[in-house]
Amino acid sequence: DSGVTQTPKHLITATGQRVTLRCSPRSGDLSVYWYQQSLDQGLQFLIQYYNGEERAKGNILERFSAQQFPDLHSELNLSSLELGDSALYFCASSPREWGTSPLHFGNGTRLTVT
Amino acid sequence: DAKTTQPTSMDCAEGRAANLPCNHSTISGNEYVYWYRQIHSQGPQYIIHGLKNNETNEMASLIITEDRKSSTLILPHATLRDTAVYYCIVRAANDYKLSFGAGTTVTVRA
Chain A
1 DSGVTQTPKH LITATGQRVT LRCSPRSGDL SVYWYQQSLD QGLQFLIQYY
51 NGEERAKGNI LERFSAQQFP DLHSELNLSS LELGDSALYF CASSPREWGT
101 SPLHFGNGTR LTVT
Chain B
1 DAKTTQPTSM DCAEGRAANL PCNHSTISGN EYVYWYRQIH SQGPQYIIHG
51 LKNNETNEMA SLIITEDRKS STLILPHATL RDTAVYYCIV RAANDYKLSF
101 GAGTTVTVRA
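These protein sequence lines are chains A and B, in that order.
Residue numbers for the first sequence follow my numbering, so the first one is 1 and each next one is one higher.
Residue numbers for the second sequence follow my numbering, so the first one is 1 and each next one is one higher.
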């Protein structure tokens with residue numbers, strides 16, 4: 001158990017809809033990262049938050065947004081969903097903004113867009 | 001910008017040591033080598049990391065060559081539950097993220 005909790009485990013929705021994925025980091029970790037894993041793309045970094053502030057962006061679509069709340073949990077919002085958004089979405093956390101501490105990952109949310 | 005090269009796949013015998021190679025010939029002095037694994041669509045699991053000295057923990061050993069251009073992850077006694085995709089990642093101390101490549105699909109056979 002990594003200590004990172006993601007909900008829900010599975011999500012099935014229709015094209016054009018909006019969903020919210022939730023992540024609770026490990027106790028004491030201030031950084032939260034979001035990754036997307038689709039069959040043809042591998043694990044892709046989306047965005048990082050540190051102590052409530054956005055710190056880095058990767059290949060995140062404009063239809064996607066995230067935030068980190070004062071209690072340090074994070075939400076990833078996906079809107080105007082398309083079939084191609086079907087993927088596994090992982091959250092990870094680490095103690096600091098950067099450094100040598102490893103990232104610890106949750107077990108993901110599997111999103112299916114029909 | 002692939003910084004590491006790993007074999008696409010490898011088989012290992014249950015109970016034997018599994019040696020997973022990784023080439024990172026362009027590694028910089030401030031970059032660490034991290035190993036993760038992903039078991040069948042679960043979240044990536046941290047295994048071990050190191051800078052230049054060999055490292056060992058309860059899961060594995062990491063051997064980094066003296067020139068730091070390659071490393072080997074050693075699973076001392078592979079079990080069927082070690083079947084997974086193993087990722088070797090190079091990351092600087094001031095880098096905010098991990099960049100995953102394709103990894104090595106390791107299959108442990110009875």
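These are calculated hints, taken from the structure and not from any lab test.
A couple of the hints might just be wrong.
Stated by the list, open to error - The list that follows gives simulated cross-link-like pairs (lysine to any residue, SDA-like), each with its CA atoms no further than 20 Å apart:
(1) A:K57 <-> B:G101
(2) B:K3 <-> B:P21
(3) B:K3 <-> A:K9
(4) A:K9 <-> B:Q45
Cross-check of the supplied hints:
1. A:K57 <-> B:G101: Since the Cα atoms of A:K57 and B:G101 sit roughly 18 Å apart, the hinted pair holds (cutoff 20 Å).
2. B:K3 <-> B:P21: holds, 14 Å
3. B:K3 <-> A:K9: violated, 32 Å
4. A:K9 <-> B:Q45: holds, 17 Å
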